[in-house]
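J.: Work out the full structure: start from the sequences and follow the hints.
Protein chains: 2
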Amino acid sequence: MSISQYFPIWDQLTQAQQDLLTASASKAQATKGTVLHNGSADCLGLLLVCSGQLRAYILSDEGREITLYRLFERDMCLFSASCMLQSIQFDIQIEVEKDAEFWIIPPDVYKSLMEQSSAVANYTNEVMSARFSEVMWLMEQVMWKSFDKRLADFLLQESVLDGTDQLVLTHEKIANHMGTAREVVTRMLRYFQSEGLVSLSRGVVKIENEAALRQLSER
Amino acid sequence: MSISQYFPIWDQLTQAQQDLLTASASKAQATKGTVLHNGSADCLGLLLVCSGQLRAYILSDEGREITLYRLFERDMCLFSASCMLQSIQFDIQIEVEKDAEFWIIPPDVYKSLMEQSSAVANYTNEVMSARFSEVMWLMEQVMWKSFDKRLADFLLQESVLDGTDQLVLTHEKIANHMGTAREVVTRMLRYFQSEGLVSLSRGVVKIENEAALRQLSER
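Which chain is which? The protein sequence lines are W and V, in order.
So the first sequence is residues 526 to 744, counted in my numbering.
So the second sequence is residues 526 to 744, counted in my numbering.
Hints are not guaranteed to be accurate.
Put simply, identical chains are the same to the list, so a pair is met inside one copy or across any two.
EDC-like mimics (lysine to aspartate or glutamate), calculated; alpha carbons at most 20 Å apart, straight line [to be verified]: (1) K674 / E587; (2) K731 / E720; (3) K674 / D586; (4) K552 / D567; (5) K670 / D616; (6) K731 / D544; (7) K731 / D586; (8) K552 / D586.
Everything labelled a hint here was simulated from the structure, so no lab data went into it.
T.: Here it is, written out as C-alpha cells:
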C-alpha cells in the first residue's frame, strides 16, 4: 500500500507535493513494547499508522505514567515531530502497544508542506484539536471523577479495544495507564471483585458484570 | 489603535484580507467578572486582547472550576470561536479578570482567512500548540505535584501577576482556580500561616516569606 492511500488529504496536494511525500516518507514496523518517541530526546517525524496500535503517554520524574490517548489505523501522530512546531513545550512518549506498521514523514518535509499548503496546515490544526480534546477529556476525568469511576471506565474501554472480557493486564500496567500507584489499583480492583464486578487472577482481570461496571462509570 | 497594530501576522496578509479584517472586526470592552464565552453555548469569535486580563477555565457539572490559562495584551483567544474547528470537543469558559478591551473577529471571517492563507493557518497552529502546552503543564502539576507545592506555586504566580505580596483573594476563589474544594485551600493556607509563609486576614493572603514559598514550590 502506498502512502497515497494513507495520507488523509492526498487529493488536495499538488503533483509536486505528492512526489515529495512519496520520495521522502519511509515505511517502518515495530513490535509491541518498542518506545518510538521519547519526549524531546528525538524528532523522529510524523507517524501515519497503517496497522497496530500506539500509545501516547507522559512520564513523571519518578517514572509514573499516564496514558493520554491511543492511535489506530490511519491516525496521524504529530507529537513525534514536535520540533516542527516551536510552541509545543511538552514531552510525550510514544510506545507500540500492538505490533505496528507505519509511515514516517520527515519533520522538515511536513513543515514545508504546511507552509506551502493551507490545506495541510488546516488539516494539522484539526489533528491537533482532536488530540487537545482527548487531553481535555482526560483532565476533566482526573479533576472531577473519582477513581472508582475512572477505573470502571478504563476496564470497559480496554475490553472494547481488545474485543474480550478477559483483560491481560497487570495492576502495575493499569497504574501506568492511569497515573497512579499500583497499590491504589490493587485496592480498588479487590473492592470491585468483592462487589462481583470483576474476578482477578494472575495478570488477568475478567469482567464479570459489565452492566454494573457501566452503571458505575456513568454515575 | 487599529486592528493592524494587534493582529499578529498582519504583514503576511494580502490587501484584500487586511480589508476584510478591518471591516469585520469590532472593538469591545468588558468589566471584571463578565463571562465572555460560556462553553458550547455561543461562538462569539476570536478575541484579540488589547488590554486587561482574561481567564480561561473549565467547569464541572457540580460547579467546580479550574483555571487553564490567562490571556494578556496581544494574546489571541481561539476557543471563544471553537465552532470554527470541528475537532474541538471540549467546553471552555472565558471570564474577564481585569477590565479588558479587545477585538472580536467573527468566526466565519477567520475561518475563511485560514482557508486562504497558510500563514494564518500556521499561526493558528502555533497558538493552539501554546495553549495545549499550558494545559499539559497543568495536567502534569495536577497528576504529579502535591497540593502544597501547587498552592505555593499559585500564590507566587498571582503575586507576580498583580505586582504585590498582598493578594486580594478569598479561599473560595483560590479553590476555583485550582479545581479543589474551599476547605482544602483553607486547611493548607492555615498550615502555611503556621509555618510563617503567609499571613491571613479577611479576603487577603499576604506573602510573608517568598523564598521559603519558592523553595516549597520547587522541591
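J.: Could you run down the list of hints and mark each one as holding or not?
T.: For each hint, the structure was consulted:
Taking CA atoms no more than 20 Å apart as the test, K674 paired with E587 passes between copies only; the shortest distance there is 16 Å, against 25 Å inside one copy. With identical chains, the CA atoms of K731 and E720 are at most 20 Å apart within one copy only, with a shortest distance of 13 Å there and 49 Å across copies. For a Cα distance limit of 20 Å, the shortest separation of K674 from D586 across copies, 15 Å, qualifies, whereas the shortest one inside one copy, 27 Å, does not. For the identical chains of this complex, K552 and D567 are intra-copy neighbours only, at 18 Å inside a copy versus 44 Å across copies, given an alpha-carbon limit of 20 Å.
Taking CA atoms no more than 20 Å apart as the test, K670 paired with D616 passes between copies only; the shortest distance there is 17 Å, against 25 Å inside one copy. For the homomeric pair K731 and D544, neither the shortest alpha-carbon distance inside one copy (50 Å) nor that between copies (63 Å) is at most 20 Å. Taking the shortest Cα distances, K731 and D586 never come within 20 Å of each other, neither inside one copy (32 Å) nor across copies (32 Å). Neither within a single protomer nor between protomers do K552 and D586 lie at most 20 Å apart by alpha-carbon distance, with minima of 33 Å and 45 Å respectively.
In this structure, the earlier hints numbered 6, 7 and 8 are contradicted, and the remaining ones agree with it.
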